[in-house]
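Chain by chain, the residues run as shown.
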Amino acid sequence: MNRIRWLGFFFFVFAAGIVTRTVYLQFAFDEKLERLSKRQFNSKLTSLPRRGLILDRNGEGLAVTLKVRSLFIRPELMRKELNASERARLSNIISKGIHWPKQRVIEKIRSDRGFVWVKRQLSQTEESFLRSHKILEFGDSVGLVEETRRFYPNKELAAHVLGSVGIDGQGLEGLELLYDAILSGEQSKIDSSRDARGRRIFRGENGLFAFKDGQSLVLSIDRTIQFDAEKALDQAVREFGAKAGTAIVAEVETGEILALANAPTFNPNVANQYSADSRRNRAITDAYEPGSTFKPLIAGLALENGKTTRSKIYCEMGSFKVADRVISEAETHEQWGWLTLGEVIQHSSNIGAAKIALELGVDSITGFFDKLGVGKKTGLDLPGEAPGRYSSSEARSSVRLANVGFGQGFTTTSLQMLSFYLSIANNGQWIQPRIVKAILNEDPESIVRGTLRWKLDHRFENSKSKKIFEPKTAKDITRMLELVVNENGTGKLAQLEDWPVAGKTGTAQKIDQETYRYSRSKYISSFVGFAPAKNPKLVTLVMLDEPTKKYYASETAAPVFREIMQAALIRTQVPPVDSKVRLMKLANQSSIDAIEESTEATAPRGGSESLASGVAKSPDVKLKRNDKNEIVLPDLRGLSIREAVRAIGTEPVKLEIHGSGIVREHFPKPHETLEPGGRLRLVCSSHERKKSRDLFPE
Amino acid sequence: MGSFAWIRLEIVRISYDIHRLEKLEQQARDDVNKVTLKINEARSPVRLERIAREKFDMKKPRPEQVIKL
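Protein sequence lines correspond, in order, to chains D and Z.
Mapping of the first sequence onto our numbering: position 206 corresponds to residue 206, and the numbering continues sequentially without gaps.
Here our numbering = 1-based position in the second sequence + 1000.
Be a bit skeptical, because a hint or two may be false.
Within a straight-line C-alpha distance of at most 30 Å, the following computed DSS-like cross-link-like pairs (lysine-lysine) qualify [stated by the list, open to error]:
{"hint": "1", "chain 1": "D", "residue 1": "Lys549", "chain 2": "D", "residue 2": "Lys492"}
{"hint": "2", "chain 1": "Z", "residue 1": "Lys1059", "chain 2": "D", "residue 2": "Lys67"}
{"hint": "3", "chain 1": "Z", "residue 1": "Lys1034", "chain 2": "D", "residue 2": "Lys622"}
{"hint": "4", "chain 1": "Z", "residue 1": "Lys1038", "chain 2": "D", "residue 2": "Lys67"}
{"hint": "5", "chain 1": "Z", "residue 1": "Lys1023", "chain 2": "D", "residue 2": "Lys231"}
{"hint": "6", "chain 1": "D", "residue 1": "Lys155", "chain 2": "D", "residue 2": "Lys80"}
Negatives, chain D to chain Z, calculated, CB over 10 Å [said to hold, decoys possible]:
{"hint": "7", "residue": "Ser123"}
{"hint": "8", "residue": "Glu126"}
{"hint": "9", "residue": "Pro153"}
{"hint": "10", "residue": "Gly166"}
{"hint": "11", "residue": "Thr224"}
{"hint": "12", "residue": "Trp338"}
{"hint": "13", "residue": "Thr366"}
{"hint": "14", "residue": "Ser391"}
{"hint": "15", "residue": "Ser392"}
{"hint": "16", "residue": "His658"}
{"hint": "17", "residue": "Gly659"}
{"hint": "18", "residue": "Lys669"}
Note that these hints are calculated values from the structure, not bench results.
Beta carbons are placed, not taken as given, at the ideal position from N, Cα and C, and that holds for glycine.
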């Protein structure tokens, strides 16, 4: 009986203790307990914003961000949770999955730290491998965490403009750096509670607007023109053995940069594998003495100070003494007597230019340089722009002033020179060049309506502009620049067949860094010009740094300019200046009127792809099938390769093409049959049409 | 008392809905970005030029082959 009473008393005390504790927990305020509770149920969740896209002017993606996984381990925890054989199996899986030597993985596992990144930003293949080998079943000591990774789908294209990002997604160079805040979006922390499955329960309105992804940029860059410029520049740098090169194309009316190319270049997807030299945006960071390309601008100043294009200057027969120095022409054999101002530019006379500068005087030139922007940044929205250099005090020396006349004694960047010529092309009005056209915003109204639309935030619509020359002066300079590109000028290799060009060559000696004198073997070769001359749409600059195999700009930079400018004019659909000339060359048998009539009737607006081969309209030629389901070949002769491919359509045919241009023969022959999956051989040669072929089928 | 409990339950239910829809939206945006990347890689001028040259033996048109009217 006593034992039962003691047992009962014991249980009573135990139960009383529980009830007392329960009452206390429920009703008494305990700070420590409250803190523990909040930590468990409340959370500050950090949202990861997505970095905005970078698009070209036509909406083509240049930089895209995707969510990826990164692999981490917790070595300390791993040693408690996993035994030796499990750790060995894990290191095997990781080593195979991410293609690391096993020893490297083991070193990570042996670390005495609590948390170690194994590999950041895994590829999809790597992640799939690890998941398929059930890596997450090794417990909390190994895991995959979500991060973001930047991809540049066009690799090197526009690399110097785009820049690159670091491992944590922060901008390091180029637009990625300058617009980092806009592209990054906002990381936010929101107050919420969590349920047992970790799902959020909001307590207020704040949670609804927690996610603010980065905004996207629309550039003025045209991806196709950029590609053409990079390809031509890269080829020229290799062909002429140059150290580096730059090419820039801009729209005259707006100052928008359509292409900005540098060589050497880099792949921003793996930027850290390239040297700083490759990643440098030379178009804006490198300042150099522009040489003869500056002469037309000095000539423009002379025109505004009373000279005319016919004003005569005596060029001292090739030898002009200024103080204790002798100025000669670029070529020692050149000995000019009297030249007009226009001829000074056409023949690029150093003495003529020097005399113009001396007559203008240092104050006039300094004022002009200040207005033009020599020694000042253009303000282009890219980081790292150099201002160039001009010292008015140094120019007070007559020798230095004479040098300024032919583009020495001061420095400018390629971008600045392009902007100066843009002002000539734009009726004397300088416009600030720009690269970012607009920022994309989500249309807030469309979000409410349930659809997603983009809205352009046109914050760059009104560029800075200023008057440099009177319109008449700009036209006079243009006429002089057209002379440079004619048969007798230094820039004749820059000529285009369908668009008149105005431009200037420049072969400037570089300063030798050891002797600090002008080098006889190192040059900057450049050509800068615009087209069509009378109504300019585009301006282009090409610069080659230290070409070795040839160095005259007339032979190096001028032909590169022609190639890039032509591609850009075609791409921007600038009509040839005289289309009748084009049609006359094509019409062997047919009259101009017949062709014009036909093409007016059949050409779609904006130009026609089918006209590229010279055929007014593609005949409706298609492969057909007979009763035995064999492919019956029509007569493909006389078609261009593109038209032949179009005629084949989706028929299962193995195509083999020999040569290029127009189809001359094919095997099997016309009206013969071909088994589905069989081989069709086209033998082609360049643009020779069968004369008997009817160009204008009824 | 009952209304208060109902309101609290509704908040929880709507929070779950928001959570689920946010996940869907995030997934949709990720999918858009993935497809954008694939499209841009496929349309890359470098890739297209290589295919034109190597597979179809095409060359850049000469100036006289291009007509704009």
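Hint check results:
1. Between the alpha carbons of Lys549/D and Lys492/D the distance comes to roughly 20 Å, so the proposed pair stays at or under 30 Å and holds.
2. A distance of roughly 39 Å separates the Cα atoms of Lys1059/Z and Lys67/D; the hinted pair therefore is violated under the 30 Å criterion.
3. For the given pair, Lys1034/Z sits about 37 Å from Lys622/D by alpha-carbon distance, which is inconsistent with the 30 Å threshold.
4. A threshold of 30 Å between alpha carbons decides the hint, and for Lys1038/Z with Lys67/D the separation of about 14 Å falls inside it, so the pair holds.
5. Only pairs whose Cα atoms come within 30 Å are accepted, and Lys1023/Z paired with Lys231/D is rejected, the gap being roughly 43 Å.
6. For the suggested pair Lys155/D and Lys80/D, the alpha carbons sit about 45 Å apart, so the restraint of at most 30 Å is broken.
7. Remark: the non-interface label on Ser123/D is consistent with the geometry, its nearest Cβ contact in chain Z lying 13 Å away (cut-off 10 Å).
8. Once the 10 Å rule is applied to beta carbons, Glu126/D is consistent with being away from chain Z; the minimum gap is 16 Å.
9. Separation of Pro153/D from chain Z is inadequate, the least Cβ-Cβ distance of about 4 Å not exceeding the 10 Å criterion.
10. The beta carbon of Gly166/D is kept farther than 10 Å from every beta carbon of chain Z, the shortest such distance being approximately 20 Å.
11. The beta carbon of Thr224/D is not kept farther than 10 Å from every beta carbon of chain Z, the shortest such distance being approximately 6 Å.
12. Listed as outside the interface, Trp338/D is consistent with that label: its C-beta sits roughly 38 Å from the nearest C-beta of chain Z, beyond the 10 Å cut-off.
13. Annotated as non-interface, Thr366/D keeps its C-beta farther than 10 Å from every C-beta of chain Z; the closest such distance is 44 Å.
14. In this structure Ser391/D is separated from chain Z by more than 10 Å, as the shortest Cβ-Cβ distance comes to about 44 Å.
15. Look at Ser392/D: its CB is around 46 Å from the nearest CB on chain Z, clear of 10 Å, so calling it non-interface holds up.
16. Residue-level check failed: His658/D sits 8 Å from the nearest beta carbon of chain Z, not beyond 10 Å.
17. In this structure Gly659/D is not separated from chain Z by more than 10 Å, as the shortest Cβ-Cβ distance comes to only about 7 Å.
18. Lys669/D, annotated as away from the interface, keeps every beta carbon of chain Z farther than 10 Å; the closest lies near 21 Å.
In terms of the numbered hints stated before, the structure departs from hints 2, 3, 5, 6, 9, 11, 16 and 17, listed from lowest to highest.
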